Each structure stands twice: as C-alpha cells, then as structure tokens.
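If you want the building blocks of each chain, they are given just below.
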Amino acid sequence: MGTIRRWLNGIRSAPIKDLSDELNQPISRTLNNNLITLNSIFSHAPDLVIRHFQLRTGDNAVLVYLEGLIDKSAINNNILKPLMYEINSVNDFWDSSTTIAKTEVVTLWSHIEKAIFQGQSILFIDGQDRSLVLCTQGWPQRAIKEPQIESTLKGSHQGFVETSGQNIALIRRYLPNRELKIKEFNVGSRGNTRVSIMYLDDVINPDFVKEMEDRLLQINVDAILNTGELAEFIEDHPISLFPQLIMTERPDSAAAHILQGRIVVVVDHSPSVIVAPVTFSAFFQSVDDYSNRWIIATFLRLLRYLALITTISLSAVYIAIVSFHYEVLPLDLLVSIGESREKVPFPPIVEAFLMEIALEMLREAGLRLPGPIGQTIGVVGGIVIGQAAVQAGIVSNIMVIIVAITAISSFIIPDYDMSSSLRLLRFPMMLLAAVFGMVGIVIGLMIIGAHMISMESFGISYGSPVAPIRLSDWKDVWVRLPMWKMKKRPLSTDPTQLKRQGANREGEDQV
Amino acid sequence: MIKYTFNQISLKQYILIIYKTQVGIGVLSLPRDLAQTGGTDGWISLLLGWIVSILLSLVIIKIMEKNPEKTLFELLSKYFGKWVGKGLYVLWILYAVFAASVVMFSTIHIIQIWILPEMSNFILMILFIIPIYIVTKHGIRVIGLFAEFVFLISMWMPILLLFALKDTHWPFLLPIGKEGLFPILSTVKSTILSFLGFELAFILYPFLKDKKTATKGIIIANSLSLIIFLMVTIISFVRFSPDEIKDYTYPTLNLLKLIKLPFLERLEIIFLSFYLLMLFMTIVPYLYAAVLGASQLCGKQDHRPILRIWMCLWFLSSFFFLPSATQINQMGKSWGMAGTYFAYVIPMLLWLYGQLFHHARKEQRQ
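Going down the list, the protein sequences come from chains R and Z. Position 451, counted from 1, in the first sequence is what my numbering calls 451; the numbers after and before it change by one each time, with no gaps. Position 258, counted from 1, in the second sequence is what my numbering calls 769; the numbers after and before it change by one each time, with no gaps.
What the hints contain is simulated information worked out from the structure, not anything from laboratory work. Among these hints, one or two may not hold up.
Taking lysine to any residue pairs in the SDA-like style, the calculated list, with each CA pair at most 20 Å apart, reads [claimed, not checked]:
#1 K154(R) <-> P238(R)
#2 K768(Z) <-> E327(R)
#3 K648(Z) <-> D288(R)
#4 K768(Z) <-> M84(R)
#5 K771(Z) <-> D332(R)
#6 K648(Z) <-> S240(R)
#7 K648(Z) <-> G459(R)
#8 K648(Z) <-> D332(R)
Computed from a prediction, not measured in an experiment: that's the story for all the values here.
The following block holds chain R by itself, in its conformation from the complex (with noise of 0.2 Å):
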C-alpha cells in the first residue's frame, strides 16, 4: 500500500538545508567575515541579537545571542561591564575577563550554532580567530510546583520542570553519589532535544544501560516534543495496550527507582520522566506507600488489586449474570435486579455501554474544560446519569452502582496510564460478557493474562514477581512489609548489587 503510494505521489521528503560546508568551516580572523557568515546561517532571524560594542583597549567586538533565551542581566553586568570598562589587555581577556561562571573557547562554526540555540551567547574579538562561549542561558522558566497528576498527602511537593538541567538537579538532591552517572544524548534532527539517562552504576545491571543508549542512538526523527514520544519510541512492545514505562513527574519516585536498580531517563522540554525497565505490579505502587504505615500501606496496596480486577470486569460481570447466569444469584437480589430492570427496554449490554460511554465522555470533559466549567460539567452528569436516567427507565439503577463503582476504582490506580488502559479494557471484556457469559469473561482475563506474561520490558519478564514467582519480590508487591524487613532490591530488576541495608532493628540477624 505504502509503495503504491509513494509511487503515485512521487517522494516527498527533501533534508533539512545543507549548511555543512559553512558550519564545518572554523571562524575567520576579521570580524566582517564572520558576521556574512552568520547571517547566512541565520537567515530569517529576528530574535538574533548582534551587538557591536569597544573593548576598553580599542578592539571591536561583537555579541551574539538569541534574545529571550538569554539572561539580560548577566550580558549587562557580567560580559557588557567588564569588557567595556575594566580590561586591561585583549590576551587575559579570554579566561579572566568577564564574571560569568562557564565559559569555553570555540572556533568551529557547528559549535557556535549549538550553543546559540541552547542560549548561550558567543563573544567575537576582531584579529582573533577563536571565539568565546558564554554560558547566559535564562529562558522563560515555570517555578517548581507540586505535581498535578501524581499528588501525594506526605510526598516531598517537588515536581520536575521543563528544562533538563533542573530536573536532573532535583533527582541528584535525593542521591548525592559518586556512583549516580548520568548520560546525554541528542535526539532529533531539528528538535535536537537533550536526553539524558540516569543510574547508579553499582546497582544496575549493565545490560539494561547498554540497550537503552541502543535503542535511543536508533532514533531517528525530526524532534521529539516530550516523553511519551520518546517512550514510543523506545519501549518493547508498541502495539500492546499497556503502558511499559513508568512516566513520573515526581523527583522522588524517580530517585527511589534509581535506587531500586533502574534507569531514569529525563527529556529536555517535558515535566516528567521515564522510568525503565518496569513491571506490571511497579505501576500499583505509589511513593505514598513507603510514607505511611506499613499496615496501611499493605491495605491500599490490595485495594489498588481489587480495583484491578474490578474496573477490567465488574460491569462484564454484571452483564453476564443479568444475561446468562441469574441462577447464581440469591433470589432475593435476583428479585431485587428484577425490579430495578424491569422498566429498561435494553438488553444489559446496551445499558452498560451507553452508561460507561457517558462517564467516559464526562470524564474527558471535565478534563479538557478550564476549572470551573469542569464542576458544572460534573454536577450536570451527576444528576443527569444518576437521577433523570434512572427515572426515565433508560438504565437501572444497579447498572448506576455498577459504573460508579468502576469508575472510582480505575481512578484508585495511582499511575494514569495504567488506568486509562485497564479502562478501555473495559469494553471488550463486556462485550465477551454479551456473548459468552462468565466463560467469555475468564477467557477475556486469561487473554490479558497470557499477554501480559508473554511481554517484556528491556529483557525482564513484565509479568515478574508474580509470572516467574519471584517470592522474596512480594514483600513490595502484594504488600508493603516494613522499611526493614525490605533488605534487597527487588529481583525483578535484576541489579548487580542486590544488598540494599544491613541489620537496622537490635536482635536482628546480619545479612
């Protein structure tokens, strides 16, 4: 399809300009030269700033900088300062001069556009053939919030930014250690985006820092905006409905991932980051957990379990014993659906599909529409789908508990990916409930089952602790044991060093 395609249109892919014979050239010693140079490389460049100014000794020089990704007051005080009122001789000039912390002595054209684009600005000197780069980045920058989607009671309120450099500082404040490497890439032809992966090089495996630069040093795009694109990009299985990454936006669970033997990989532009290589049961546990009580924490954790299963099959298992199998009811809750039905003119399939179609849509919709407009949305569903829809005998009234029931607990999972992909999964289990009865229904569950155990996520099984059964693993999984009986790293991850604490409580046997 794709060649016939491309056949009748004929390609339609020309690369970005070629600038290389310019940009591989290194600088010339006249400043005029120079300048023609860089404005053909920055045609169509308004924000370019070029600011002629003297040197106190008499030379001209010149300054560049994309405007808006600078700092105005570091150029004024820092470069402008200095250079016009206080040097001495052009030779000190190029390490003692100005007060700006970074500074690097280039003389390649390719380096000089890289580092205008990432905001730095470049100091040209007439008669000199190199050139200085001045670290002055300040862009428009977001101040650091609590996260929006992963809010915690007892959490730090720490969420990421979008610029790397920050986020990267807010994981190194939770592991100030030498063995915390970190490593950047740039991916994307015209985004060329910074990404950078992070880990503790004693407790990772080595293989998975290895597939992972692979699999990033394969991509080849224009540019990648934020996270998701990467991960896309990245993980294993593209066509499964399951997240395979974890995408956090709390420097926190980041470090504690780190800590637990995986790779942190942060994007430039994107207030969240990828955590891999991840498990199924990784994405029901929540940095809550390790803040409250242990015995709370194990009850939420198999609330969260429940919520599971209840949001994949409750509305399916209505609909197969509504449709199929009434007989396994009590008669008495028999009558008492009976009853409630008994004005529906729809199948049950109908019914649930019409109900959770309109919560989806409710949901969606106070999510897309600003603040206050989202509660009216709110309160105008709540009404409509529970009172007027029951009165008008289009669903019934348990089908009414039955979505709201599903509804909290797809909202109980603590990672969103996760539960808007048990919710679409949904749908095809009601309709093996239509079909099948309780038969379709295991089938649909072994389906995700079989699934789920056949996948992986950098060369560890998905399924892990629970397909392999891994049961020193379970005492972070099903349950939250204390801090102290916790005294490995989970297996599943596979680490290198897999002692995590020694003895901590007296009486206590040493590991």
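Given chain R, work out where chain Z should sit, using these hints.
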C-alpha cells in the same frame, strides 16, 4: 533479549507445568471412575497410582539423564537409527496431538453442557483457540510463566471445595479395604488418566535449567497432584453415597452445586469457567509438545507455522465433528489406553533398551 535465556525453564516452572497438566479434565470425573470399580476404597488406589507414576517418572528422568543434551527426537534416532527413530517419534507426536484434542473437545463438550447449551461448537472453538494460540506461540518460556500465573490465579479453587464439607458422612469410607485387594489394584488403572502428564518430562527435560533437580521436581509435581486428587475424591466420597456417585458424570461439579454462599449460588458455573484455565494448561503443554515435535521432524526452528496449521485444523474439524457424551467418554478412555502405553510401557522398554544399548556401546569401545 539479553539476560534471559529464551529456552530455559526454572525448576518452579517445570514442576508447575507437569502439575497443571496432570490436574485437568481427569479430576472432574475421577471420583466416579474410582467408585465404579473400587468403591469407597478408591482413594487407596490413588496412592498406589501415585507410587506407580512416580516410579515411571523416575524411569523417564533416568532415560533422559543418560543423554542430557539431547531432545527425545535425537535420543530416539540415536537408539534406533534414523528411520525407526523418526517413526517412533511420529507416534509420540500423534499421541500428544490426540491428548490435546481429547481435552479440547471434552472442554467444549463440558462447557456446552454445563454453561452455554446454545452455543455452537465452532464458536466455542474460536474462543478457546485464541488464548491457547497466544500462550503456545511464544514457546516454552511463556508456557512456564503461564503455568505459574494459572497456579496463582487458581489457588482459591481447592479451598472452595472445602465448603462442601458440610453434611458429610465419614462412615462411608469405613471399613477400609472392604472390597478386598483385587478391586483396589484394578482401580489403579482408572487413576492412570489423572496422573498422565508426567510423560511430558520427555519434552521438558532438555529445557530445564538445573538438570540435577529434575528428579526432585517430578516427585513434587506428582505429589501436588496427588493432594488435589485425594482431596476431591475423599470429599466426594463422604458427601455422596457410594451409589449416588456412580450416577454423576462429573461428580466434582455436582459437589460444587451443593455449595451455597450468602451472595452466590450455583458455584459450579463460576468454578467451571475458571476451571478453563486449568483445562487449557493441560491442552497447551501437549499441544506444544506435538507442535515442537513436528517442527523438529521437519528440521525447522520455528514451531509457529505448524501451530497455525494445527489451529486451522481444529477449527475446521469443529464444524463436522460434534462428539456426543458417549464419544467423549470413549475418547477419554482411549486416551487412557494410549497413555498407558506411552507413559508407562514405552518408558520401561526404552529404559531397558537404553541399558542394553549403552552396555553394548561400552563393550564395543573397550
């Protein structure tokens, strides 16, 4: 990709695959089969059957241990030469295919009778083929994982059976040995069908990561199955009278029919639906053994093309092969017969032959 060696299974998976293969269709009718010849002493025959199957399992392991790196196919060709070996191997494949098909058609039959009486054969066939295909296509690694998954998911099922322990009549079991020795011994034959599954060790052994544990593993697997069989049998014996039990085709399901929870009745519908997991776990290993064997025979690495062909055959056959209850029974019986030869007689012969063979080899070398 990197760390995971694809074609290996851990001891846990090895145990669970064999155990889940054994606990399958047989359990549903086991109490009746035992009661028919052995009366309420049937459970003693179970113990005897367990001992026999463990002995035979050990023989199988012994055969495989002699040639640790060889699959059954290579082993047979080594012992009997290329053509005879291939012929024997074809028989084995046919046996595995037959076993898988018997369970498949019985499953469809049981589901039709108990849960979905109006559903036609081929629709159920399509429905069942999908998960079976998904699991089998990835090969032994996922089958092992699926065995673990099924094991965890079905943990509640034996516990549910304990609810049936109301209104029991334990004296039904007494006096022990009232039928005499001979009926007990002859009933051992009926337990064969239930314990079938350990012969898959022939196929699984080359995949096992730590081969030294094979003996331990197969004993654990047989014993786990025994526990389930004993539980089901004894509960049905004390719950139903010895005459009543002979009237039921699937006494285990009738047992569940009696359980009433405050919010659920007719538990056998829910139970049987979830029992599909166990039934599939019997089908999948046999199917894989057959498909893997066939692809080895053709000298191919990938078993998926043959798997797909076989799935199509199953699907097509479901249009014109609509087995009746007696036919299903008959098929089960002939599977038991075939199993007697393939799991009990042939390993013995093969072992003796192997002893002679290696003996002769050694003499030749000297």
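Cross-check of the supplied hints:
The straight-line distance between the Cα atoms of K154(R) and P238(R) is roughly 35 Å, outside the 20 Å bound, and the hint therefore fails. With a C-alpha separation of about 11 Å, the suggested pair K768(Z) and E327(R) falls inside the 20 Å cut-off, and the hint holds. At most 20 Å may separate the alpha-carbon atoms for a hinted pair to count; K648(Z) and D288(R) exceed this at roughly 40 Å. Among the hinted pairs, K768(Z) with M84(R) is inconsistent with the structure: their alpha-carbon atoms are about 96 Å apart, more than 20 Å.
Distance hint between K771(Z) and D332(R) is fulfilled; the C-alpha atoms sit about 14 Å from each other, no more than 20 Å. Taking the CA atoms of K648(Z) and S240(R), the gap is about 16 Å. The hint holds against a cut of 20 Å. With a C-alpha separation of about 18 Å, the suggested pair K648(Z) and G459(R) falls inside the 20 Å cut-off, and the hint holds. With a C-alpha separation of about 46 Å, the suggested pairing of K648(Z) with D332(R) is violated against the 20 Å cut-off.
Violated hints, listed in ascending order, are 1, 3, 4, 8; each of the other numbered hints is respected by the structure.
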